[in-house]
Amino acid sequence: MVPQKFEYAAPDSLKSVLQLLDAGAKPLAGGMSLIPMMKLRLAAPEQLVDLQKVKELSYIRESGNAIHIGAMTTHYEVETFPVLLRKCPLLAETAAEIGDLQVRNRGTIGGSVAHADPSADYPAALQALEAKLVLIGAQKERTVSAAEFFVDAFTTVLEPGEIVREVIVPAEELGTGTRYEKVVQPASGFAIVGVAVRVRRSAGKISFVRVGITGLSNHSYRATSAEATLAGTTGAAADVQNAAALVAEGIDANSDLHASANYRKHLASVHAARAITTAISRAS
Amino acid sequence: MATTIAGVEKEKLVGKRLRRREDPRLITGTATYVDDIHLEDMQYAAIVRSPHAAARILSIEIAAAQNSPGVIAVFTGKDTEKVGGVPCGASLPGLRVPHHNVLAVGRVYFVGHPVAVVVAKDRYMAQDAADLVEVNYEPLPAVADPEKALAPGAAPVHPEWPDNVAFTFHQDGGDVDKAFAEADVVVKQRITSQRLIPMAMETRGVVAEWHGADRQLNLYTSTQIPHLVRTLVATMLGLDENRVRVITPEVGGGFGSKLNVYAEEALMGWIAQKIQKPVKWIETRRENFLCTIHGRGHVDYYELAAKRDGTILGIKLKIIQDVGAYHQLLTPAIPTLSVLMMPGIYKTQNIRADIVGAFTNCMPTDAYRGAGRPEATHGIERMVDILADELQIDPAEIRLKNFVANDQFPFHTATGLMYDSGNYAAPLKKALDLVDYGKLRQEQADARKQGKWIGIGISTYGEICAIGPSPATPAGGWESATVKIEPSGKVTIMTGACPHGQGEETTFAQIAADELGISVDDVLVVRGDTSIVQYGIGTFGSRGTAIGGTAVYFALQDLKEKIKKFGAVLLESDDVTFSGGNVVCNKTGQSKSLPEVAASAYRAMKLPPNTEPGLVSTRFWEPPNFTFPFGTHIVVSEIDGQTGEVKIRRYVAVDDCGNRINPLIIDGQVHGGIAQGIGQALWEQAVYDDNGQLLSGELTDYAVPRAHMMPWIESEHTTTPSPVNPLGVKGVGEAGTIGCSPAVVNSVVDALSPLGVRHIDMPLTPEKIWHILSKGA
Amino acid sequence: MKISGSHMLAVPPERAYQMMQDPDILARAVPGCEALEKTDENEYRMKMKMVLASLSGVFDGKIRIADLNPPSSFRLIVEGSGRPGFIKGDGLLHLAANANGGTEVSYHGDVQVGGTIAAVGQRLLDGTAKILIRKFFERLAACAN
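Residue numbers (our numbering), protein chains in the order written: chain S, 1 to 284; chain L, 1001 to 1777; chain V, 2001 to 2145.
Source of the hints: derived by calculation from the structure; they are not laboratory data. These figures come from a predicted structure and were not determined experimentally. C-beta atoms are modelled at their ideal positions from N, C-alpha and C, and glycine is treated no differently. A couple of the hints might just be wrong.
[Said to hold, decoys possible] Keeping only pairs whose Cα atoms sit at most 20 Å apart, straight-line, the calculated SDA-like set for lysine to any residue is:
id: 1; chain 1: S; residue 1: Lys-5; chain 2: L; residue 2: Tyr-1137
id: 2; chain 1: V; residue 1: Lys-2049; chain 2: S; residue 2: Leu-101
id: 3; chain 1: V; residue 1: Lys-2049; chain 2: S; residue 2: Gly-24
id: 4; chain 1: V; residue 1: Lys-2047; chain 2: L; residue 2: Tyr-1137
id: 5; chain 1: V; residue 1: Lys-2047; chain 2: S; residue 2: Ala-245
[As the list claims (entries may be wrong)] Far from chain V, by Cβ distances over 12 Å, these chain S residues were calculated:
id: 6; residue: Ala-44
id: 7; residue: Val-103
id: 8; residue: Pro-118
id: 9; residue: Ala-253
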């Protein structure tokens, strides 16, 4: 449990960080995934640049209809920040489900999404929220959608030298009901499956619905056929069941010691129904 | 209870919920563990281990490692061949004991098998160099499942024993054939108790220091048995036992996994001699998973014969014990404890047991909290429920019918034990009252109508503690204590039991404080250094208080007599009593305090007749019997009908461990034991694939229960003192683990009984339950 | 771990078969392949760098092709070992012409892993295997164009 030799820098400005990244350094955010891999010597970066001291990456700001979350904001901050609790409760509720308190105090939203663990919690919410991610490198800054960002297991559109700078989520319209449901893997605390749902109702019908799924396959996704099935219905139990039955449709589900592919798919449907039901009950 | 101190009532401390005196240093991070030992010029060892479960070692290239910065030595199995084998302390007729080299020679037998060791200036350099050791293997077929290992054509773990049988054991009690012939009903079930990983929070670690001029080895090691380690490591290294000093600093959890002598302990001692410098090895969590003993690993075939009224007539049991690749210290003895416990607390006098120990290409199994008793209790408590289901008798009622009756104690079991004392119905009735059993069954019936899956599980366990009388143990079953009253009157207790988290620094002080009429703050409990403490056996098998505490008690009685003699001299009277910390003259009422008497005993100006100066007594107490605690655990669980997830709604534990010295510590032991029991019932499993790779080999996949996963535990007790020792205590270190798992599984099987479910093997993973629900629906 | 799946190549089976036995093409198609040399008839030595998220490891490996049955099937045996542990794969590949003049390559086989990756990679193995195989066929497809 001792890592290989590496160089370490902890600058306090984003500019210095980007320069080091450009020169080939590996970014270290909360270290919840990278450090264990380094201790097992499965990861051996030659140079680490620690983002911990970069104050300009740690913030939660409301601006118009959006909330901007700096990459180095911890899960615990996301879980408890009043503006998020009020205006984007889905993200706060998701953050509260991550790992345990120690992990939530160290781990960061930027680090988590950049790592793109297929069982991480945030991606379900970010898909359902149609979040935007601002990526920055030494040369350029660009904004991508969550749908574009997550490519495969541990694979994102981040280019070498680029990091997530911030995550932008919408400030929910009044009356939006949301819910994150998760099946916890008992050892790691990761999601065997996680389902994030947002719904709005209008004139007794479901006028808006987003369903994000994580844990089931190699990357998170929006369950669009489930969304389409639910939209326009009254959101009655049967409607919910019909929609939920589609969340895993056509998905190449993963399998491990804790859940086979079939069971994972089943869990996704069960928990999608529960999440949708709760979200509807929270919508007004 | 109270004694008088010059007119003032002094409350007895035994029985009080005193906070643990060892905790401040533990929770403030100031305690010293092996990894906190730093010696001048200390070197670090990193061990190269096999990634294969079975392979021939074709070559080992060490040149690159030797030339790596900071490296002072690299050793392989060829260098250490003369070090004695890792010992197996247990013996059975016909036991096959493979020679267990400290570093593999020619062949590896399990993933993690040590192959080479690199010694360098620091841990980083040692690991860097270890990565450069190139071992060329020729992989061989492996077998990782005990039943597959015993099947014809299985890959032989040790070529010299192609049937993979490590030992067999047979025991008959009463007339089992007659019992089965006369039975109205026979129920049969295959029941497994899966391999578990003990998972002490502190991994193992060793620091070895060699003083060449004196041929003296100091060995710091995280163990439950420092004196036995001293004896056995001295033998392995060919050193004089009195020149090996084993120091056991704080131990961050053992649970049986440190009731052993490991290759690394001797290896570090050997390296320290070779390099003439101190050397440290701290086990990584990866190594802990792979190379510290595992627990359980049973496949059991049960048959229970009974009359239609539920009377159990006889039990047959065949145990297939997954041994692993070698015998560690007690490996073959563990399943024999299961046999001893197989009748549980039921009066049947007819048993037949067979054990087959199977070699597999896995880490050896050995003692893990409960060691053989949880497996046996799980088996019998499951079988009684299966019988109750077969006969449609309430599981509480069938138990009451078969309990050993109160007037049958001491009770001789068919397996050769003598149960000391018991009142088995008392905790069951108390637990049933606590859950309001009749009402609970009604609620269950109502819930079923609403499509809910609610189950009630009862486990009425008995167990063997205070292990144990010497004839029943491989290394002596007594325990030692030295009590010294210093000239100032302060008291030092040196216990051979080497407690390591069980709270005896507090409970032994409570005993001494009551006996001497002083404050617990005047008592210091010393353990864990073979140069300071007289020879002792150690802490395991719930023996610390029942045997070690009794040794303390008898040493205190010696000292009380001597205190009276010195007090009599000081008071110039023969008519004195010692009470409340003072020797009092019964005629004049004059008194001398313990410090005054102690000072006079050392000053020795005037000695009582036939009395030596000083106030020190050493006692080695040999118990006449084991003790047999018991209790009832009741679990109410609810199953999510859609996902198969099990939720424990209520957990009631009524434990009877005899007299209670510190109920707060007892609660802690019960809670910790139950946590490990629930861990086995619901989550934990050491999963080896067919090639002998440990798949649940890290905390990302091995589900150790954490605080937030635990139900609220309603802990209660009954008190049936043990006649075996004067303290009347029985032991409680393993009770929680032993009583727990069948209560959980019985509750889940009960919940699913409308589907005709009779048994589910642990762990009760949601997917397993979901499959049952899917099939049933 | 059992694996199975299928991928499309836009070339006829004869060409697809030939490509999958061509050291130059294999070197380009195997993800992370840093060097590949033919050591014997139907046997290759390979150095492969696997990079996945923060994980990285260099494997020295052997590829062996057996049970040749051109152009419809062959058996592929891949063995690799490195510091993170070892990987052994043994699979049967079937090539069948599809309606568009291309080839459907279906495979099923067994993957064994050992060492650290076996113990800590459990959760990731299934997904990782899928990625590597998909990448292999994507690159192979690129070579076909």
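task = Sort out whether S/Leu-101 lies within 20 Å of V/Lys-2049, counting only the CA atoms.
result = 36 Å, violated
task = Taking the shortest Cβ-to-Cβ distance between S/Pro-118 and chain V, state whether it exceeds 12 Å.
result = At about 6 Å from chain V, S/Pro-118 fails to clear the 12 Å cut-off, so the statement is violated.
ask   = For the pair supplied as a hint, V/Lys-2047 and S/Ala-245, is the alpha-carbon distance within the 20 Å limit?
value = Violated, at roughly 45 Å.
key: Hinted pair S/Lys-5 and L/Tyr-1137, Cα distance within 20 Å   = It is violated: about 28 Å lies between the C-alpha atoms, which goes past 20 Å.
message = Check whether the Cα positions of V/Lys-2047 and L/Tyr-1137 lie no farther apart than 20 Å.
response = Within the cut-off at roughly 19 Å; holds.
query = Holds or violated: are the alpha carbons of V/Lys-2049 and S/Gly-24 at most 20 Å from each other?
reply = Holds: V/Lys-2049 and S/Gly-24 sit about 17 Å apart, inside 20 Å.
request  = Please settle this one: S/Ala-44 was flagged as non-interface, so is its CB more than 12 Å from every CB on chain V?
outcome  = 7 Å, violated
task = May I ask you to check that S/Val-103 keeps its beta-carbon over 12 Å from the closest beta-carbon of chain V?
result = 16 Å, holds
ask   = Does S/Ala-253 sit more than 12 Å from chain V, CB to CB?
value = 9 Å, violated
Hints 1, 2, 5, 6, 8 and 9 from the list above are not met by this structure, while the remaining hints are.
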